[in-house]
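> Start from the sequences and build out the full structure, keeping to the hints where you can.
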Amino acid sequence: MPINYFLILSAFLFCAGAYGVLARRNSVLVLMSVELMLNAVNINLIAFSAQAQDVAGQVFALFVITIAAAEVGIGLAIVLLIYRNLRSPDLDRVEQLKG
Amino acid sequence: MWEQQVAFWVIAVAMAGAAIGVVRANNVVHAALFLIVVFAGSAAQYILLLAEFVAWVQVLIYIGAIIVLFLFGVMLTRAPMREERGKLDNSQRLASAVVALFLFGVLAVFLIDAFGGTELRFRDSMVEVGSAASVGDSIFRQFVIPFEVVSMLLLAALVGAVALARRD
Numbered sequence: 001m002p003i004n005y006f007l008i009l010s011a012f013l014f015c016a017g018a019y020g021v022l023a024r025r026n027s028v029l030v031l032m033s034v035e036l037m038l039n040a041v042n043i044n045l046i047a048f049s050a051q052a053q054d055v056a057g058q059v060f061a062l063f064v065i066t067i068a069a070a071e072v073g074i075g076l077a078i079v080l081l082i083y084r085n086l087r088s089p090d091l092d093r094v095e096q097l098k099g
Numbered sequence: 001m002w003e004q005q006v007a008f009w010v011i012a013v014a015m016a017g018a019a020i021g022v023v024r025a026n027n028v029v030h031a032a033l034f035l036i037v038v039f040a041g042s043a044a045q046y047i048l049l050l051a052e053f054v055a056w057v058q059v060l061i062y063i064g065a066i067i068v069l070f071l072f073g074v075m076l077t078r079a080p081m082r083e084e085r086g087k088l089d090n091s092q093r094l095a096s097a098v099v100a101l102f103l104f105g106v107l108a109v110f111l112i113d114a115f116g117g118t119e120l121r122f123r124d125s126m127v128e129v130g131s132a133a134s135v136g137d138s139i140f141r142q143f144v145i146p147f148e149v150v151s152m153l154l155l156a157a158l159v160g161a162v163a164l165a166r167r168d
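First to last, the protein sequences are chains A and B. No gaps in the numbering here: position 30 of the first sequence is 30 in this note's numbering, and each next residue is one more. No gaps in the numbering here: position 80 of the second sequence is 80 in this note's numbering, and each next residue is one more.
To be clear, the hints were calculated from the coordinates, so they are not data collected in a lab. This one's a predicted model, so the numbers in the text were calculated from it and none came from an experiment. Do not take every clue at face value.
Said to hold, decoys possible - If the Cβ cut is set under 8 Å, some of the chain A residues that face chain B in the computed set are:
id, residue
1, 9
2, 29
3, 59
4, 66
5, 73
6, 95
Stated by the list, open to error - In silico negatives: residues of chain A with every beta carbon more than 12 Å from chain B:
id, residue
7, 96
8, 97
9, 98
What the hints assert, rightly or not - Computed beta-carbon distance windows for the label pairs:
id, chain 1, residue 1, chain 2, residue 2, range
10, A, 95, B, 132, 42 to 52 Å
11, B, 13, A, 74, 26 to 36 Å
12, B, 71, A, 56, 31 to 41 Å
13, B, 92, A, 56, 35 to 45 Å
Beta carbons are placed, not taken as given, at the ideal position from N, Cα and C, and that holds for glycine.
Okay, here's the thing in structure tokens:
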């Protein structure tokens with residue numbers, strides 16, 4: 001089975017996530033797109049772990065999963081703060097730092 | 001071998017469709033549900049790649065914990081449950097699509113160039129590599145310092161999330 005199947009699937013998921021990060025206005029949806037990108041990285045790591053027949057790639061994927069969980073926790077806390085202060089979860093309302 | 005290919009394609013098509021659903025859905029809850037399909041699909045791909053332990057961690061952490069967090073986020077930001085055409089996206093949709101397609105094209109060309117001839121060969125010994133025993137062994141021998149650092153990171157994230165979200 002060609003390893004490229006998995007790599008190109010992962011590249012597709014990554015690009016879908018990149019599109020979501022750029023095109024979404026709702027901050028919860030932006031966080032979901034970031035998760036999509038992190039998940040694409042995990043597929044790559046597992047595919048290379050299978051190719052090298054080494055467990056290191058799987059351990060890296062576990063670390064990525066852990067850090068993704070931490071990231072969502074912090075990210076949602078920030079989203080809640082934005083919502084509390086601006087009464088809206090939309091990211092283009094966050095413009096206080098604009099000159 | 002062909003069973004694996006069929007399984008791969010079925011799961012991959014479902015994942016790709018669901019990924020597009022995540023970034024195109026007009027309803028925040030639908031996007032979260034599409035995200036579940038993507039995560040479950042990747043868990044299935046990990047099983048195809050004989051990484052059993054990571055697959056179950058994926059199910060537990062991503063589908064079990066992260067999706068629940070997202071649904072809480074949807075609830076707490078009072079996202080509208082009905083369809084909202086166009087309100088969830090900003091005005092850069094076309095430019096973003098161009099960027100994403102360009103990125104995918106570049107990645108695909110480079111991947112085919114670099115790994116075009118590489119075949120994955122599955123042996124029985126790889127089932128052992130993906131087992132919980134082997135992964136745990138590797139974490140607690142070779143990667144014990146990163147493991148401790150990650151536990152500190154989780155603690156910091158926990159404290160940080162509480163400090164950010166508390167009301168005073």
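> The structure should be examined with respect to each hint, and the outcome stated for every one.
A quick look at each hint next to the structure:
The closest approach between the C-beta of residue 9 (chain A) and any C-beta of chain B is roughly 5 Å, which is under the 8 Å cut-off, so the hint is satisfied. For residue 29 (chain A), the suggested interface contact is upheld, since its CB lies about 6 Å from the closest CB of chain B, less than 8 Å. At a threshold of 8 Å, the smallest CB-CB gap from residue 59 (chain A) to chain B is about 5 Å, leaving the interface hint in force. A hinted interface residue such as residue 66 (chain A) counts as satisfied when its beta carbon comes closer than 8 Å to some beta carbon of chain B; here the least separation is about 5 Å, so the hint holds.
Taking 8 Å as the C-beta contact cut-off toward chain B, the hint placing residue 73 (chain A) at the interface holds, the least distance being around 5 Å. For residue 95 (chain A), the interface hint is violated, since its Cβ never comes within 8 Å of a Cβ in chain B; the closest pair sits about 12 Å apart. Remark: the non-interface label on residue 96 (chain A) is consistent with the geometry, its nearest Cβ contact in chain B lying 17 Å away (cut-off 12 Å). Taking the minimum C-beta to C-beta distance to chain B, about 17 Å, the non-interface status of residue 97 (chain A) holds against the 12 Å cut.
In this structure residue 98 (chain A) is separated from chain B by more than 12 Å, as the shortest Cβ-Cβ distance comes to about 15 Å. Checking the proposed 42 to 52 Å range against residue 95 (chain A) and residue 132 (chain B) shows it holds: the Cβ atoms sit about 48 Å from each other. Restraint check, residue 13 (chain B) to residue 74 (chain A): a C-beta distance of roughly 34 Å satisfies the suggested window 26 to 36 Å. Checked against the hint of 31 to 41 Å, the pair residue 71 (chain B) and residue 56 (chain A) passes, with Cβ atoms roughly 34 Å apart.
In this structure the supplied range 35 to 45 Å holds for residue 92 (chain B) paired with residue 56 (chain A), their Cβ-Cβ distance being about 38 Å.
Checked against the numbered hints given earlier, this structure breaks only hint 6.
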